[in-house]
Amino acid sequence: MTQQSVAVAAPRSARTTPRALQRLLKDKIALVMLILLVLIILGAIFAPLLTSFDPYRTSLRNRNVPPGALHLFGTDEQGRDLLARVLFGIRLTLASGFISLFLGGIVGTAIGVCAAYYKRADNILMRAMDTVLSFPAILLGLAIAGISGPGTWSVILALAISTVPPIARVARSSALSVVNQDYLVAARALGLGDPTILRRYVLRNCAPSILVYVTLRFGQVILLGASLSFLGLGAPPPAAELGTMVSQGRALLFTAPHVALVPCFAIFIIVLILNVLGDAARDIFDPKIQQ
Amino acid sequence: MLRVVINRLLISIPVLIGVLFIGFLLLIVAPSDPAAVIAGEGATPELLAVLRQELGLDRPVLERFALYLQRVLQGDLGKSVINKAPVIEELSYAMGPTFELMLCALLVAVPVGIALGSLAAVMRGRWIDRVIMMSSVAGLSMPGFMIALLAIQYFGLHWGLLPFQGRGGPLWTWSGILHMVLPATTLGSILIGPIARMTRTAMLEVLTLDYIRTARAKGLSELKVVLKHALRTALPPVVTLIGLQAGYLLGGAVVTETIFAWPGVGRLAISAIASSDFPMAQGTILVLAVSFLIINLMVDLIYCWLDPRIRL
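Residue numbers (the working numbering), protein chains in the order written: chain W, 1 to 291; chain R, 1 to 312.
Excised from the complex, chain W in its bound form (with noise of 0.2 Å):
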């Protein structure tokens, strides 16, 4: 067998993919939500173009004010435009839910197609796993906070290490799948290494399973984000961070509503978006439904 003919009896994940768009574009529900989540992404990259108010320019002129003509979402308990901190905290949250997935999406991965293709690993890194896997992420983040002090890296961090586990258990169970096949004892018997053998052949296959996992769980991350960020082990105030505003305005609850309201509004669109999409991605890409 040539090297050609191994490549090509490989990789399923690229045909896969215009038929999965061709069946997302056809899922209307998904479809908007697409879109909302795109244009809530472009909001939060150009929030500084969308908003001429400085979320961190207090004015203790217009303390609290109601949502109105001049700020859309009102003004919080210092007379920051509440529109400006939300679209910066989007920024924020959207940006570390994604490091942190991206981050435990890696280790997670290479721990989890390692312990398939290294059959002598297995047991030691899934078991290991396993010991993660029952420490509540939200008890992570208490001990990170804890040890290293409240802050976003520390919320990044605690989100990153409860998404190793699962990620892990997701590739481990799709490399299974690929690691006896033929065409991996012919990528051997040509001599090539592990390191391409795992990268060419078994990440490749892994991908759409693994991708559909982060998917889903980014609602999930985000959620824990922002508990984490509320109960105070996140970006400390006066950071235009979703679960911190809440926080803060917490105490206005009576008063002025809005200012604790707004953001939770917020997270919620945000990761109800996200959990539609990733329930989508679900149906599209597992084989079982497809079939």
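Just so you know, the hints here were simulated from the structure itself, not pulled from any lab data. Keep in mind that a hint or two might mislead.
[As the list claims (entries may be wrong)] Computed beta-carbon distance windows for the label pairs:
#1 220(R) <-> 43(W): 53 to 63 Å
#2 263(R) <-> 254(W): 15 to 25 Å
#3 161(R) <-> 269(W): 27 to 37 Å
#4 185(W) <-> 276(R): 55 to 65 Å
#5 237(W) <-> 204(R): 16 to 26 Å
In this text the structure is predicted, and so the values were computed from the model without any measurement. Don't be surprised by glycine CBs; every beta carbon is placed ideally from N, CA and C.
Assemble the complex: chain W is given as a structure, and chain R must be docked to it using the hints.
Same frame as chain W, but now just chain R:
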């Protein structure tokens, strides 16, 4: 059954060691010197040196970990830096309310979730099914603190129906019950969505089985078929899910306690971390992690009881 219990306990050992190590880590990275804290202000360097030796602070890390394990196993979790009270004593006051809150939350979430999930399965494809499933996705996407704040905003502040600050006393008193309603419902509502979804999926699978058709053919009412025959078979995956969600319940308890000023372990943990009270933070995290292990063990046992095949 005994074998299952022993197996589960053995699996828990490495986790427990991991938890204890994290607790230990919290103590050794603490910027404050425990000897200085115990000696108080104005202590002489000689006294500090003696205290350090007594506490084992001058020994290698692994030896200190062994000493720490010995102390923890004897129930000595150190003293709070803030109010100098033994950590274990503070924890013993806080554990009851947390346990009570989680139990009441489950009492809200489990029946409601199972009922909604079963209803959605029986009414599959109709508008009730769609409404229940859409609300469960919405519920899954809502941060716990948002439900709590909305509940406080309307039931507490706006309509003044229910108290929302602190614990009103033991659960057998009227005030105790009233104070429990909002925190327990808020915490429970986190679990309703996942439980309803899982019940629906499991129930849909069971409802197609032959014995259900037999039950219907016998002329049993649909209610009896669902409640008496289908539900029992559909329950094991739901129980597993509740176990998997125990982490969320615990995390949710930390958030709920903070919002409702509930005097539990979660609130204690947050205030300990905010005030850099490392011994207290270590104690609360240990207690929360160990209770998570116990909840999971209990779920496994209930699972065994529900599904006799596992006992074999």
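Each hint, compared with the structure:
1. Under the hint 53 to 63 Å, the C-beta atoms of residue 220(R) and residue 43(W), about 56 Å apart, fit the expected range.
2. A hinted range of 15 to 25 Å holds for the C-beta pair residue 263(R) and residue 254(W), which are about 23 Å apart.
3. Distance hint check: the CB atoms of residue 161(R) and residue 269(W) are about 28 Å apart, consistent with the given range 27 to 37 Å.
4. Taken as a hint, the range 55 to 65 Å holds for the pair residue 185(W) and residue 276(R), whose Cβ atoms sit roughly 57 Å apart.
5. Distance hint check for residue 237(W) and residue 204(R): the Cβ-Cβ separation is about 47 Å, which falls outside the suggested range of 16 to 26 Å.
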